[in-house]
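Chains as they are written, first to last, in my numbering: chain U, 6 to 727; chain Y, 6 to 727.
List of simulated lysine-lysine pairs, DSS-like, C-alpha gap at most 30 angstroms: (1) Y:Lys573 / U:Lys688; (2) U:Lys216 / Y:Lys216; (3) Y:Lys682 / U:Lys573; (4) U:Lys688 / Y:Lys665; (5) U:Lys681 / Y:Lys573; (6) Y:Lys688 / U:Lys216; (7) Y:Lys681 / U:Lys216.
Hints are computed from structural coordinates only; laboratory data are not their basis.
Bear in mind that the values here come from a model prediction, so they are computed numbers and not experimental data.
2 protein chains.
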Amino acid sequence: MDLIWVVPVSGLLALLFVGYLAWDVLKRDKGTKEMQEVAATIFEGAVAFIKRQYLTIAILAIVAAVIIGVLVSLEQFTETNVKGMELGIRTAVAFLVGAAASALSGIIGMYVAVQSNVRVAGAARKGVEPALAVALRGGAVSGFLVVGLSLIGVYLMFVAYGGLAGGEAARNAPFLIVGMGFGASFVALFAQLGGGIYTKAADVGSDLVGKVEAGIPEDDPRNAGVIADLVGDNVGDCAGRGADLFESTVAENIGAMILGVAIYVVTKNVDWIFFPLVVRAFGLIASIVGVWATTSLPFFKLNPGEEPMNPMFRGFALTVVLAGVMMYYVVMQMLGNIVFFWAGVVGLVTSVAFFLITMYYTESRWRPVQSIAKASLRGTGPNIITGLAVGLENTAAPVVAVGIALIGSYWLGTQAAVALGVAPYVAGVFGTAVATMGMLMPAAFILAMDTFGPIVDNAGGIVEMSGAPEEIRKGTDALDAAGNTTKALTKGYAIGSAALAAFLLFGAYLDKVAEVRKAMGLPAEVVKASHTVDLGKVEVFVGAMLGAGLIFLFSALAMRAVSEVAEKIVDEVRRQFREIPGIMEGKNKPDYARAVDITARGSLQAMVAPGLLAVGVPIIVGIVLRAEAEAAFLMVGTIAGIILATVMNNGGGAWDNAKKFIESGEFHDETGKVHKKGSDAHKAAVVGDTVGDPFKDTAGPSLHVLIKLLATITLVLAPLFI
Amino acid sequence: MDLIWVVPVSGLLALLFVGYLAWDVLKRDKGTKEMQEVAATIFEGAVAFIKRQYLTIAILAIVAAVIIGVLVSLEQFTETNVKGMELGIRTAVAFLVGAAASALSGIIGMYVAVQSNVRVAGAARKGVEPALAVALRGGAVSGFLVVGLSLIGVYLMFVAYGGLAGGEAARNAPFLIVGMGFGASFVALFAQLGGGIYTKAADVGSDLVGKVEAGIPEDDPRNAGVIADLVGDNVGDCAGRGADLFESTVAENIGAMILGVAIYVVTKNVDWIFFPLVVRAFGLIASIVGVWATTSLPFFKLNPGEEPMNPMFRGFALTVVLAGVMMYYVVMQMLGNIVFFWAGVVGLVTSVAFFLITMYYTESRWRPVQSIAKASLRGTGPNIITGLAVGLENTAAPVVAVGIALIGSYWLGTQAAVALGVAPYVAGVFGTAVATMGMLMPAAFILAMDTFGPIVDNAGGIVEMSGAPEEIRKGTDALDAAGNTTKALTKGYAIGSAALAAFLLFGAYLDKVAEVRKAMGLPAEVVKASHTVDLGKVEVFVGAMLGAGLIFLFSALAMRAVSEVAEKIVDEVRRQFREIPGIMEGKNKPDYARAVDITARGSLQAMVAPGLLAVGVPIIVGIVLRAEAEAAFLMVGTIAGIILATVMNNGGGAWDNAKKFIESGEFHDETGKVHKKGSDAHKAAVVGDTVGDPFKDTAGPSLHVLIKLLATITLVLAPLFI
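Looking at chain U on its own, in the form it has when it is part of the complex:
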């Protein structure tokens, strides 16, 4: 228990760091009057949407909390000594705390991001380096808030439910707080869905009428949809992603603690339960150092003429190395067995592997993006076909990487089984949990890089709309391209950690099923069989099939929602071009607010159906086909979700960068002829990007939340399925 104090301390440190960063960003110059005007309009739209969205989500969450509380109260048997109504209330409270914290981190993160946009635009007048520093610091507010809050939240709930008391109470506490993960993923699902639909409907809609039909540039003030598009970056990419990563870290952390219980029961050393909290606390500290170095230290900062990605790579490398050292210290102090250090290293290496794989598939330096650009020379059809092929292809390397990491960390864990006196499975699955914790150590740094993306995107939009000189636009363009890369990298990382975490979350679910069966007084062989998920049984196989099916249906609904809302925006912008005279000549301003309102209403309506589907289907499957089939549902749903999300995230990223590659003027055909902005190849690439948009910013990220939601629903409601 010696190191547990690091958890609240590092959490507070993170919040102090957030305060410092926010203060630092907010005191900066807000640029010209025109810039401030544009920023104010964006701010207004974003706040209006977020208010309506979270009101809807709050109502859904409260209804869900009551239902869950009642369902859990009715469960006759439980693995903890807390039972009946009290268990129901505790679970509902944990659900609401998770939900509220998830909402809070999404909202505050977005608020600071919106405030950062205009300051980045302002700083861009002085150069790329200060603009990058402001953007990364603004992004770090969101990143550290999410990770810090998730750590403090889990810690406080754990303490509140008696986790520090040791003995039975410590053993029960992780099971009692799983509701928190469910609440967090519940909110994240709707936040990501609603925000994701908003951002891409606005983006696709205004691009279609603006760039493709009217032939005016992106972010052109004559386009009525352009403010909605900029609002979308904030509500989708910032608020949605923040909520998403909040629930990921919460769910994985609690899952790892549940696995620790199995070792604690034998060793009576409570450090096995605390370990996941402590190791993530150290990861938070490593990330603070990394961000601070990237934005302040001479060697790490952006050098003149350098690619904007480079300082972030140096900062990330520093964070990973620091995290490795800390992992060694924490493992040796708490677990006293070197094999788990190596399991942690497997996790850190996996995070780097996912970085490299994502870069290969989404950067214009390598074959995949170049092949899409090349296909664009033959038309839109080949562009789409090649983009889809790249998306499908890029699932192979992640699957193999995760496979190796899982088997490797599991094997490492089993090497400690004899020393610990536990079954090889118990030690092995804890090995995968340590690897996941290792992969999550640099999470705050990565999240900072992620929010960097929409901030610079918005800054670019503000610069363009405020009519700032070409010079400045060039600087923000370079940052925008870097932002695209960081967004793709984060999504790759998030999916990678979800894949690695999958096994630990299954393990936690199976542990819970076994515990409940034991509490029911079932025979020992039935309890033992709880850890078997036998695909050879017909209902288990059907459960697996339904899990994969849900993933595809959910993606379909998300994609369709984007298309339907985008159609409304297309119609509205066309109507404004037609009915408001002088828009095209710049004499009259379009009615931005109306476009923002149409997008908001459409997205909020559209998010409900896929959200309820995601919550309802796993419950129905569990009740009808029972616990073992539910496990297969969860596992194969997770596999399908990880793979389809990878198709969508990286496929979308590759399409986007193929378009940007052509726009850069560096793309030429076999004869050496350059095809740039405005060429037929560019037009084809713009359509490809339009298709990739809902892939990478709506369906893909929503799938990521869905996977986590499946894990937490099954974990909380497991007793219903037995």
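Please arrange chain Y on chain U, whose structure you already have, making use of the hints.
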């Protein structure tokens, strides 16, 4: 054993029927001289490609046969009394017999189809009814040849390996002939891949330069790629699909016989092994009656002014009803237990359900296709996004239908367990096998409808290219639209039967693993554990993940191949437009042969990599991760394959029919304005169709073969993985 004589008799009957149909089609009028000229060019191109393709496949198959023979010879333990070198030789011979028969049915079917094209064109001058009859009879040649040959082939191999002798020999024979299924799927994979790449590269390539760039109609003789496109319909849709359905029926038949062995061992009634053969023999007879009625009987034939699909529906309904009656007779005669009749009915009902689901998602009468047409009003991007959403969405209903069918037929089977004195699992999985056999009963009728598609497509092309009057073109257009529907329906049916068959094939694999372990003298609990596929084990979970990963990577390679070969054709047609003077004015003919040759060479090169991947990965996974992980690889790979193939088949079909819907002139927007051929919406729909082409005719059907190949590889090589 009383009914086994029906098998050779029905097989011969089918071949006689094929002979009659071929004679009937070939004696028909071949149309005008211009028609014959075009047909001759197509024939030449198709034969040239098929020769080169099957030469490549033959070499690959012989190498594979030797490798398999050696691998099997080295296996020390086997479930049969045949061992060592003799087992190796028998397996290699079975492999080559399967390969040769698969190739034969592909080639002959295609040959007759190519001969039918021009006769349909000729008959179209007299009206739609005679053209439909000729096309369906031409298609039936392929259909009955494939199903008849597969039945006779399995029967003869079974007899040759001692199956009729009863006792140990009958028990061993199904295991000894599994190599035949492997050989058939091996050839089918390359046939479908090579043909699928050819047909869609040619189609996409010539559409892109012709329809989109040069603005000339489809099948216009000025387009150098147009003959390659027409050749493609024959080598992809006819030869490829023929080989595919040949291996499906073989693999599923043998798998069902292996499951029968488990009941035979207890009941000592050899009818449990014969049943799958006999029931399919009756299905063949039902299909003969169905096709004969549709093309000859007054009530069933096409009435004047009627939709061409209607007579085929009546014929299909007749076939299903007859099959149901026969199923009752065969079950009561051979198995003596009514529950299996109901399991068979589940299969027949499932085949109808898949028909209805596919129709809903691919016909312009319902929401999905209409939503794609509507999205086209807003541009290409929305068309693609909506099409993808439809594709993703349409997986849900099939998954649920198969889930219900599997659980239902399994449950029915278990009701017979006590009476038979076998374990519930053994009877249950045999129930799913009976359902699959039920679903396969109308296979020959369906395959006839399938080959009908490319025949009428080609006939339309011949009519267009030979400059026949508009009147005739209208008739063949109506048939072509019906052909699109039949092709979509067949693919839906094929995937549905694959999904239903999946569980029986897994069962056969697990049975084989158990038998080998028993032969190795392993303890009883290890043998019993062979039927458990525990996803809770890390290597089993990783195997599952790799299975899904292979599906996506394979699809990527197939899609990319189409894109790359299409690019070559685009370049070639562009070159001919540029360099051959007077093409556009119709003064000079383009060099069709060169385009055909480029397509052929490109497709043959492109088919090798994905093919070897499909064969190699399951072997590597089995050897590294062992038998249980291999089972999960197979199962989750199958789930992913079925779902992704459904996305691609029906998504592609929906895109195609959205385009056709706009071309029909019946599509109008909310204001009532009609958008027809040549409108912006039509242009967007043409691009969507281009994207859907490799989905529905290359990757989708190839995935279907891949699933079967996985099942047969694992079945043959199971002892290597223990």
